[in-house]
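Trainee: Okay, so the sequence shown: first residue is 1 according to this note's numbering, each after it adds one.
Just so you know, these hints were derived from the structure itself, not from any lab. In this text, a Cβ means the ideal position worked out from N, Cα and C, and glycines have one as well. Please note: incorrect hints may appear among the correct ones.
Pairwise CB distance ranges, derived in the manner of DEER restraints [claimed, not checked]:
#, residue 1, residue 2, range
1, A322, V92, 23 to 29 Å
2, A295, G165, 28 to 34 Å
3, N285, A212, 26 to 32 Å
4, L216, D168, 22 to 28 Å
5, D326, L216, 51 to 57 Å
6, I164, K25, 27 to 33 Å
7, V17, V150, 25 to 31 Å
8, H252, M100, 45 to 51 Å
9, V150, P30, 34 to 40 Å
10, P30, E62, 46 to 52 Å
11, D168, F321, 26 to 32 Å
The calculated lysine-lysine pairs, modelled on BS3-like cross-linking and capped at a C-alpha distance of 30 Å, are [what the hints assert, rightly or not]:
#, residue 1, residue 2
12, K25, K167
13, K25, K277
14, K184, K133
15, K70, K105
16, K136, K167
17, K66, K167
18, K167, K70
19, K136, K66
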Amino acid sequence: MLRIIAMFMILTHHFIVHNGYDVLKLPLGPERIFFQLVMAGGGKVGVVIFFSISAWFFLDKEQTIKSNLKRVWIMERELLFWSLILVTFYLVFDRADLSMKLMAKSIMPLSTDLWWYATAYAIFLALLPFLAKGLKALGREYHLALAATVLVIWGLTSFIPGMIGIKDGFLGLIYLFILISAYKWYMKPFTTRQVWLTTGIGLGFFLLYTCASITLSLLGHDMGIYITGAWKLPVVMVGFGMFLLFDRVTFHNRFINRIAQSAFAIYLITDYTASEKLLWIKLFNLQNLYQQPLAILQILGILLTIYAVCILIDFARQALFAFTIDRRRRHWFDLLWKRSISFKA
1 MLRIIAMFMI
11 LTHHFIVHNG
21 YDVLKLPLGP
31 ERIFFQLVMA
41 GGGKVGVVIF
51 FSISAWFFLD
61 KEQTIKSNLK
71 RVWIMERELL
81 FWSLILVTFY
91 LVFDRADLSM
101 KLMAKSIMPL
111 STDLWWYATA
121 YAIFLALLPF
131 LAKGLKALGR
141 EYHLALAATV
151 LVIWGLTSFI
161 PGMIGIKDGF
171 LGLIYLFILI
181 SAYKWYMKPF
191 TTRQVWLTTG
201 IGLGFFLLYT
211 CASITLSLLG
221 HDMGIYITGA
231 WKLPVVMVGF
241 GMFLLFDRVT
251 FHNRFINRIA
261 QSAFAIYLIT
271 DYTASEKLLW
281 IKLFNLQNLY
291 QQPLAILQIL
301 GILLTIYAVC
311 ILIDFARQAL
321 FAFTIDRRRR
331 HWFDLLWKRS
341 ISFKA
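Could you build the full structure based on these sequences and the hints that come with them?
Mentor: Given below as structure tokens:
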């Protein structure tokens with residue numbers, strides 16, 4: 001369920017940041033604050049949640065080079081499928097939004113950083129066996145000291161504009177993994193009250209910087225809400241806090257699990273460069289929507305519809321994979337792995 005929610009948060013973020021109409025051009029009011037704080041800011045929280053779910057369960061078992069390269073292999077098949085399907089779709093129906101550069105990148109989506117998160121995650125998976133063993137070898141004292149150090153370097157400094165920071169990429173995933181592993185391996189689990197407090201403090205900083213943004217706007221300086229940027233400490237606090245709250249609840253639902261399996265496809269379909277132009281510039285431009293009655297509800301309804309359509313499309317992709325390459329899901333990887341091992345020998 002949390003994976004589904006996190007991906008919707010990411011979708012709302014993309015609607016704002018990739019839109020053909022800059023949200024800062026909107027008149028200052030509740031709608032603009034909602035768009036900036038909840039939708040644009042919430043997307044970065046969604047990324048923290050999405051990665052935290054994977055990282056948490058990676059810590060439960062030993063990570064090997066083979067198992068993680070296999071994860072990259074399986075992910076690459078989905079990336080290549082969607083990149084080729086999307087480039088074909090835009091070649092046929094919307095060639096104006098398809099550049100030669102995008103066509104070339106679509107042939108090798110992982111290595112060309114076609115989707116930043118997919119590439120960053122693949123690099124993280126390739127490094128994970130070494131990272132996990134290295135962190136384990138540090139032991140409790142040095143691991144906690146490392147966590148405190150990165151919190152000072154990239155956490156405390158994230159409150160001040162112009163200081164060093166982490167952009168979207170694999171370094172942010174490693175930073176978050178260091179913190180999550182330190183918590184899970186060596187710290188006493190937070191009580192529910194402590195989790196709510198951590199999340200509340202993070203949200204408090206969101207509101208504080210929102211007030212600063214409003215004040216600057218009234219003085220004629222329209223600026224975004226700085227603290228909601230990638231990997232800022234309050235973003236990590238809220239995202240990981242939400243994960244811990246959901247981790248305390250246990251229930252099973254096959255339909256929800258099925259939808260969650262397609263959550264990543266929503267990102268791949270809608271964050272393809274040509275899709276961004278079609279969806280957020282041509283079809284659902286904020287300039288045409290924000291003055292409509294109940295604009296926020298209309299926009300959220302549009303995004304939910306897009307979400308549902310992408311889920312249905314990926315169900316078709318899953319069915320196709322089930323009858324084709326998933327029948328021997330790891331066969332080709334295992335063959336390549338055996339050949340590489342024999343070649344080394």
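Trainee: Confirm or reject each hint.
Mentor: Hint by hint, here is what the structure shows:
no.: 1; hint: A322 to V92: 23 to 29 Å; verdict: 26 Å, holds
no.: 2; hint: A295 to G165: 28 to 34 Å; verdict: 32 Å, holds
no.: 3; hint: N285 to A212: 26 to 32 Å; verdict: 28 Å, holds
no.: 4; hint: L216 to D168: 22 to 28 Å; verdict: 25 Å, holds
no.: 5; hint: D326 to L216: 51 to 57 Å; verdict: 52 Å, holds
no.: 6; hint: I164 to K25: 27 to 33 Å; verdict: 30 Å, holds
no.: 7; hint: V17 to V150: 25 to 31 Å; verdict: 26 Å, holds
no.: 8; hint: H252 to M100: 45 to 51 Å; verdict: 48 Å, holds
no.: 9; hint: V150 to P30: 34 to 40 Å; verdict: 37 Å, holds
no.: 10; hint: P30 to E62: 46 to 52 Å; verdict: 50 Å, holds
no.: 11; hint: D168 to F321: 26 to 32 Å; verdict: 28 Å, holds
no.: 12; hint: K25 to K167; verdict: 25 Å, holds
no.: 13; hint: K25 to K277; verdict: 19 Å, holds
no.: 14; hint: K184 to K133; verdict: 15 Å, holds
no.: 15; hint: K70 to K105; verdict: 22 Å, holds
no.: 16; hint: K136 to K167; verdict: 27 Å, holds
no.: 17; hint: K66 to K167; verdict: 29 Å, holds
no.: 18; hint: K167 to K70; verdict: 27 Å, holds
no.: 19; hint: K136 to K66; verdict: 19 Å, holds
When the structure is compared with the earlier hints, no violation turns up for any of them.
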